[in-house]
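For the record, the sequence lines run as chains A and B. If you count by my numbering, then the first sequence holds residues 1 to 98, one letter each, in order. If you count by my numbering, then the second sequence holds residues 1 to 295, one letter each, in order.
Derived by calculation from the structure, the hints in this document are not laboratory data. Predicted model only: the values in this text are computed from it and were never measured. Where is the CB? At the ideal position from N, CA and C, for every residue including glycine. Wrong hints could be hidden among the right ones.
[Said to hold, decoys possible] With a cut-off of at most 25 Å between alpha-carbon atoms, the simulated DMTMM-like pairs for lysine to aspartate or glutamate come out as follows:
{"no.": "1", "chain 1": "B", "residue 1": "Lys274", "chain 2": "B", "residue 2": "Glu261"}
{"no.": "2", "chain 1": "B", "residue 1": "Lys174", "chain 2": "A", "residue 2": "Glu96"}
{"no.": "3", "chain 1": "B", "residue 1": "Lys202", "chain 2": "A", "residue 2": "Glu84"}
{"no.": "4", "chain 1": "A", "residue 1": "Lys82", "chain 2": "B", "residue 2": "Glu166"}
{"no.": "5", "chain 1": "B", "residue 1": "Lys174", "chain 2": "A", "residue 2": "Glu76"}
[To be verified] Residues from chain A that face chain B, not an exhaustive set, calculated with beta carbons under 7 Å:
{"no.": "6", "residue": "Arg14"}
{"no.": "7", "residue": "Lys50"}
{"no.": "8", "residue": "Arg56"}
{"no.": "9", "residue": "His58"}
{"no.": "10", "residue": "Leu61"}
{"no.": "11", "residue": "Glu84"}
{"no.": "12", "residue": "Arg86"}
{"no.": "13", "residue": "Leu94"}
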Amino acid sequence: MERTDLIPVQLVCRHYKIPLAFMDTLQEFQLIEITVLKDDLFIHKRELNKVEKIVRLHYDLDINIEGIDAIHNLLEQVHALKQEIRALHNRLRLYEDF
Amino acid sequence: MAFIDYYKILGLTKSASESDIKKAYRKLARKYHPDLNPNDAIAEKKFKDINEANEVLSNPENRKKYDQYGEHWMHAKDIEKEQQRARYQQSYQGDRGSYSQTEFSDFFEHMFGGASSRAGGRQVKFRGQDFNAKLQLHLKEVYTTHKRTLTVNNNTIRITIPAGVENGQIIKIKGHGGKGINGGPNGDLFIEFSIINDTKFKRDKENLYRTVDLDLYTALLGGEFMVETFNGKVKLNIKPETQNGTKVKLKGKGFPKYKKEGQFGDLVITYQIKLPTHLSSREKDLIKQLQTLRS
C-alpha cells in the first residue's frame with residue numbers, strides 16, 4: 001500500500017473535531033479500517049468518505065454507532081438489490097425483442 | 001412566491017417549544033437525510049425544506065419575525081423599514097451565513113435575506129446536492145474506453161467512459177455536484193448510462209449472443225461458415241449433422257469486461273437452420289428418395 005494513500009488518524013480527528021476514541025469505536029464496529037505503521041495510526045484515503053458520512057450521521061443526526069452500523073448494512077443491501085434489479089432488467093432485455 | 005408554513009413542514013403547531021422543534025427536526029432529518037437516501041431527489045427536496053424550516057424556527061429572532069408577520073410576510077420588509085425609520089435607526093440586516101442562496105426558498109430570502117448563522121453549538125455542515133444525469137450511448141460506443149465532454153449545470157467536464165459499461169449502470173464523479181453548505185464538501189455527479197443496442201447482438205454483462213441462419217446442406221454435411229463477431233468476421237467449422245438450435249461458444253469474442261483491461265466475455269452463436277422453400281419438382285423427388293432411404 002502506498003504511504004501517500006494513508007492519512008494520519010490524528011489529522012482526521014483534528015479536521016472533523018472528533019475525539020480519537022470515536023475512530024477507535026468505528027474500528028471496533030468494523031466500520032473503518034485503521035492501519036498501524038510504526039505505532040502511528042492511519043486510515044486509507046478511500047475510507048475518508050465513509051468517515052465523513054458517519055460523522056454527519058452521528059453528530060448532526062444523533063444516531064449512535066449501533067444505528068450507523070445497522071444503516072451501513074442496510075444501505076449495502078439496498079445497493080446490492082439495486083445492482084441485482086439492474087442485472088435482471090438487462091437480462092430481460094435479451095428476451096423482450098423475441 | 002408562496003407563504004411557506006414552516007410549522008407544518010416540521011409537523012408542529014405555533015405553540016411548539018424549542019425542544020419540540022429540535023426533536024421534530026432531528027426526526028425528519030433522520031428520515032430524509034441525503035446520506036440515508038442516496039439518489040433520491042424527493043427526499044433531498046424534503047430535507048432542504050425541513051432544514052429551511054429549522055433554520056427559521058430554531059433561531060428565536062427569526063422565529064419571532066416569522067410569527068409576527070405570518071401571512072403578511074410579503075410586506076414584512078416594508079413594515080420593518082417603516083418602524084426602523086420611525087426609530088431613526090439603520091435598516092435591519094440579517095446575518096448572512098455561508099449557506100448557498102439557492103439552497104433556500106425565495107420565501108426565505110424575502111423574509112430573512114439569507115441564512116442566519118446558528119447561535120452556538122456545532123454549525124451543521126452539509127454536503128452539496130448530488131446531481132444526476134443520464135447519458136445515452138450506443139452499444140458500439142461502449143465497446144472501447146473513450147473520453148467524452150459533458151455539460152452539467154453549465155459546467156463542462158471531461159470524463160472517461162470505461163469499456164464494458166452496462167445499461168442502467170451509474171458512475172459517480174466525485175465533487176462535481178452542488179456546492180457544499182456551510183463549508184461542507186461538494187456533492188457528487190451521478191451519471192446513469194442508457195445503452196441503446198441497435199446491433200444484431202444481445203448482451204448480458206460481458207457475454208454476447210447472436211443467432212445466425214445456417215443453410216440445411218451445410219448443417220447436414222458440415223463445412224465452413226463465416227460469422228460476424230462484434231469486431232470482425234471469423235470462420236467457423238460446422239460439424240456434419242449439426243442440429244437446429246446448436247450453440248457454439250467463441251471464447252473471448254464477447255464484450256469487454258468492465259474495468260478489466262484486455263479481458264473479454266464470450267460470444268455465443270446459436271444456429272438456426274433454414275429449410276429451403278419453393279422446392280422444384282426435381283428437388284421434391286430427391287427429398288422423397290431420401291425419405292424412402294431413411295424409413
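If any of the earlier hints don't hold here, list their numbers in rising order. 1, 2, 6, 7, 9 and 11
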